[in-house]
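Asker: So the chains spell out like this:
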Amino acid sequence: MAESGELRFIPQFIIVAALVLGLAPLLAFAVSQGGIPTFNETVWTILWFTLKQAALSTILSVIPALFIARALWRHHFLGRDFLLNLFALPMAMPAIVVVLGVTGLIGNAGLLPALISPYGLGGIMLVHVFFNLPMAVRLFYQALQATPDEAYRLAAQLGFSEFVTFKQVEWPQMKVVLPQISAVIFLICAASFVVVLTLGGPGTTTLEVAIFQSLRMDFDPPRALALSVLQMALCTVLIGFAHKAFGHDVGFMSMRRHGWNFMPQSLATKVAHLAVIALSAFFILPVVCILVWRGIMGWHLDRATFSALATSLCIGITSATGALFLAWPLAKAQDSWSKLLALSGLIVPPAVLATGWFLLARKLNDSTALTFVFITALNILMALPYAVAALRAAHAKLAPLAQLQSQLGISGVNALRLIEWPMLKSSFAQAFLLAMVLSLGDLTAITLMGSNGLVTLPTLLHAEMGHYRGAAAEGTALILLIICAISTLLAQRFGRYNAET
Amino acid sequence: MLKLNRALYRDKDFQLSASFEAKSGEVTAMLGPSGAGKTTLLSLISGFASWVSGQISVGGTEISQLSAADRPVSMVFQDNNVFPHLTLAENVALGIAPRLKLNMAQQAEVEAALLRVGLQALAQRKPGQVSGGERQRVGLARILVRRRPVLLLDEPFAALDPGLRRNMLSLVADITRERDLVTLLVSHQPLEVAEKAQSAIFIYDGLARACVPMQDFLGDKDPAIVAYLGSPP
Numbered sequence: 001m002a003e004s005g006e007l008r009f010i011p012q013f014i015i016v017a018a019l020v021l022g023l024a025p026l027l028a029f030a031v032s033q034g035g036i037p038t039f040n041e042t043v044w045t046i047l048w049f050t051l052k053q054a055a056l057s058t059i060l061s062v063i064p065a066l067f068i069a070r071a072l073w074r075h076h077f078l079g080r081d082f083l084l085n086l087f088a089l090p091m092a093m094p095a096i097v098v099v100l101g102v103t104g105l106i107g108n109a110g111l112l113p114a115l116i117s118p119y120g121l122g123g124i125m126l127v128h129v130f131f132n133l134p135m136a137v138r139l140f141y142q143a144l145q146a147t148p149d150e151a152y153r154l155a156a157q158l159g160f161s162e163f164v165t166f167k168q169v170e171w172p173q174m175k176v177v178l179p180q181i182s183a184v185i186f187l188i189c190a191a192s193f194v195v196v197l198t199l200g201g202p203g204t205t206t207l208e209v210a211i212f213q214s215l216r217m218d219f220d221p222p223r224a225l226a227l228s229v230l231q232m233a234l235c236t237v238l239i240g241f242a243h244k245a246f247g248h249d250v251g252f253m254s255m256r257r258h259g260w261n262f263m264p265q266s267l268a269t270k271v272a273h274l275a276v277i278a279l280s281a282f283f284i285l286p287v288v289c290i291l292v293w294r295g296i297m298g299w300h301l302d303r304a305t306f307s308a309l310a311t312s313l314c315i316g317i318t319s320a321t322g323a324l325f326l327a328w329p330l331a332k333a334q335d336s337w338s339k340l341l342a343l344s345g346l347i348v349p350p351a352v353l354a355t356g357w358f359l360l361a362r363k364l365n366d367s368t369a370l371t372f373v374f375i376t377a378l379n380i381l382m383a384l385p386y387a388v389a390a391l392r393a394a395h396a397k398l399a400p401l402a403q404l405q406s407q408l409g410i411s412g413v414n415a416l417r418l419i420e421w422p423m424l425k426s427s428f429a430q431a432f433l434l435a436m437v438l439s440l441g442d443l444t445a446i447t448l449m450g451s452n453g454l455v456t457l458p459t460l461l462h463a464e465m466g467h468y469r470g471a472a473a474e475g476t477a478l479i480l481l482i483i484c485a486i487s488t489l490l491a492q493r494f495g496r497y498n499a500e501t
Numbered sequence: 502m503l504k505l506n507r508a509l510y511r512d513k514d515f516q517l518s519a520s521f522e523a524k525s526g527e528v529t530a531m532l533g534p535s536g537a538g539k540t541t542l543l544s545l546i547s548g549f550a551s552w553v554s555g556q557i558s559v560g561g562t563e564i565s566q567l568s569a570a571d572r573p574v575s576m577v578f579q580d581n582n583v584f585p586h587l588t589l590a591e592n593v594a595l596g597i598a599p600r601l602k603l604n605m606a607q608q609a610e611v612e613a614a615l616l617r618v619g620l621q622a623l624a625q626r627k628p629g630q631v632s633g634g635e636r637q638r639v640g641l642a643r644i645l646v647r648r649r650p651v652l653l654l655d656e657p658f659a660a661l662d663p664g665l666r667r668n669m670l671s672l673v674a675d676i677t678r679e680r681d682l683v684t685l686l687v688s689h690q691p692l693e694v695a696e697k698a699q700s701a702i703f704i705y706d707g708l709a710r711a712c713v714p715m716q717d718f719l720g721d722k723d724p725a726i727v728a729y730l731g732s733p734p
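If you're matching them up, the sequences are chains A and B in order. For what it's worth, the numbering used here labels the leading residue of the first sequence as 1, then goes sequentially. For what it's worth, the numbering used here labels the leading residue of the second sequence as 502, then goes sequentially.
These are calculated hints, taken from the structure and not from any lab test. Even for Gly, the Cβ is constructed at its ideal location relative to N, Cα and C. Do not rely on the hints blindly, as some may be mistaken.
Far from chain A, some chain B residues (derived; all Cβ distances over 10 Å) [unchecked claim]:
#1 M502
#2 Q516
#3 G526
#4 P534
#5 A622
#6 D681
#7 Q690
#8 K722
With a straight-line Cα cutoff of 20 Å, these simulated DMTMM-like cross-link-like pairs (lysine to aspartate or glutamate) come out [unchecked claim]:
#9 B:K627 with A:E150
#10 A:K167 with B:E591
#11 A:K175 with B:E591
#12 A:K175 with A:D149
#13 B:K524 with B:E679
#14 B:K627 with B:E612
#15 B:K602 with A:E162
#16 A:K397 with A:E420
#17 B:K697 with B:D681
#18 B:K697 with B:D721
#19 A:K332 with A:E420
#20 B:K513 with B:D706
Given these sequences and hints, build the entire structure.
Answerer: Shown next as structure tokens:
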């Protein structure tokens, strides 16, 4: 498509403008408050807890995932595809819904009380593992899918034992992606907001939450500045490791039975595989089941719920549309600035950005419409890394056709109509749904910006939880869960279609 | 000697039956149009897929009930014959010691095999640091240390330049003679393998025909073979 040089960089310009609009007021404010960042004892304690909780969550997610992925890969059984699809669900579940499910399972009023407290380090780690272990399983599984058939034929012919097959065939495949997967999970856990806000406490808070609290509750800009500097440095370093794997779990390759699995398996191996698989399912299913069961019990569709649903859908669809418009040019761009900007929602802490915009909004006309714009903008930035990753994979499919296309002189609208849209529509749908799910379940942006009268499903749920209206909360959570699950399954379907064509 | 007696394979619509004898010390070319089942036939002999019925024996011993690891067969694939994270020497050593714990005698055997295929100088390199032809030589060196009487080659040289392909073919023919192997070579280049292969098996229309001397095959007036070879210029 012929595009003029100036127009091409509009998305990049919009993102930079959004970042500047957030960072500049905050910096000005911090300076006006006599703001030299103060790196005191409190700040270091918060940093230490952030790192400790992220490291533990990562280890507890990644190491079991290695074995679960291998067991799923090597053991073919009815329901395996279902399980792999089930493992896509936690990523789509809004954090606040998972928090409700976990506290319902192991809290004071839970089914299994007294195992561990859902609050503090234990609970935060549990929820983080719930989110990230399934994602790690899927990413390792994808790495295993790249194993050449011949490797297994050789292993069979050379009489490799189970251990040697793991060491020489499977571990080398997984080892390559291990650092990236770990970095992605570490990043997600280190920047986690809603989970830590709801389950953490004074001694158990992370940088992201502490930034929010020191600006909005304690009103301590120098400390917020120090925390922000640390958070941005941490995220930048992690992005350096993680960017290759980020948002990679978009669209599964074929999950058909792998045609060449010749390794004879002993009974002990089969039992071990099934045990690992059963344990992993047991980790996910109870939370989902309790949410569904109690959700049915507390099912209600009153006016407040409907209006919250409408608001959520409005924010979700607007954010997803905006994310697509920014993501497609970014996905096509090859320069490293564009790649960096696509990840800006991960590098610049949303808490920092939101506070800057919040200060800006105070100066401007403080209306609900403006809040809506800011919430949507923050959602777009947070969804962008995933949307760009999905579209970049799609764009790669067009590249081999570029020469043929230019030789035939197909360009502009014709290219879009004849080539790009037919080939990429499933990817666009997938990216749209991914971005929409993230925005629908969002509690981060709206908490950070202040709701200003806007009530979405997650804020309604959060309020109901806060007022001990358990049954109502569970009903609301189920509605959210259903919408997010359906959207994710659809996105999966589109992604798989995309991977197979 | 490798002998297939009314061996039958079936997978949905595809069917392949084979009865032939291939002699040891000879390279036998497996020829036929694409999709006829040449690769399938090698998979069946090496135990990566199973026959519906029939017998298959090596040196008079029935092998169809053996697992892939226990069959007296080595195979070199078109691609991916090496593990990319291991050195060439380690890749060869896997043929005798899957745990890579070698005694002195095994160590010497690996070195001798690398020397035989001309890779002695590259023994400590990783596959990514050598050429495609050198990677395929690793597969050949491994079959030398494995010492199995049947060698199956699934177009392992197809991606190489013509000169290199000739050299590799000569190497295969020499090894076959030295070790008295039954060598089956799948190829899409009948004229190129003609000088090194003593006999040929034509696979066409679900049937692997009997093994015939190479010259007889090239002069065969069977319409299917004539069509496959194309008219001479």
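Asker: Now, for every hint given, state plainly whether the structure supports it.
Answerer: Against the structure, the hints come out as follows:
1. M502: holds, 21 Å
2. Q516: Check passes; 18 Å lies beyond 10 Å.
3. G526: holds, 22 Å
4. P534: holds, 22 Å
5. A622: holds, 24 Å
6. D681: holds, 20 Å
7. Q690: Label holds. Min Cβ-Cβ 22 Å, cutoff 10 Å.
8. K722: At roughly 38 Å from the nearest Cβ of chain A, K722 (chain B) sits farther out than 10 Å, so the non-interface label holds.
9. B:K627 with A:E150: holds, 18 Å
10. A:K167 with B:E591: Distance ~13 Å between K167 (chain A) and E591 (chain B) Cα, so the pair holds.
11. A:K175 with B:E591: Measuring from Cα to Cα gives roughly 19 Å; hence the hint holds.
12. A:K175 with A:D149: holds, 19 Å
13. B:K524 with B:E679: Answer holds: K524 (chain B) to E679 (chain B) is near 14 Å, not above 20 Å.
14. B:K627 with B:E612: holds, 16 Å
15. B:K602 with A:E162: Distance of about 17 Å is within 20 Å: holds.
16. A:K397 with A:E420: holds, 10 Å
17. B:K697 with B:D681: holds, 15 Å
18. B:K697 with B:D721: Holds, at about 19 Å.
19. A:K332 with A:E420: Answer holds: K332 (chain A) to E420 (chain A) is near 12 Å, not above 20 Å.
20. B:K513 with B:D706: holds, 15 Å
Of the numbered hints given earlier, the model fails none.
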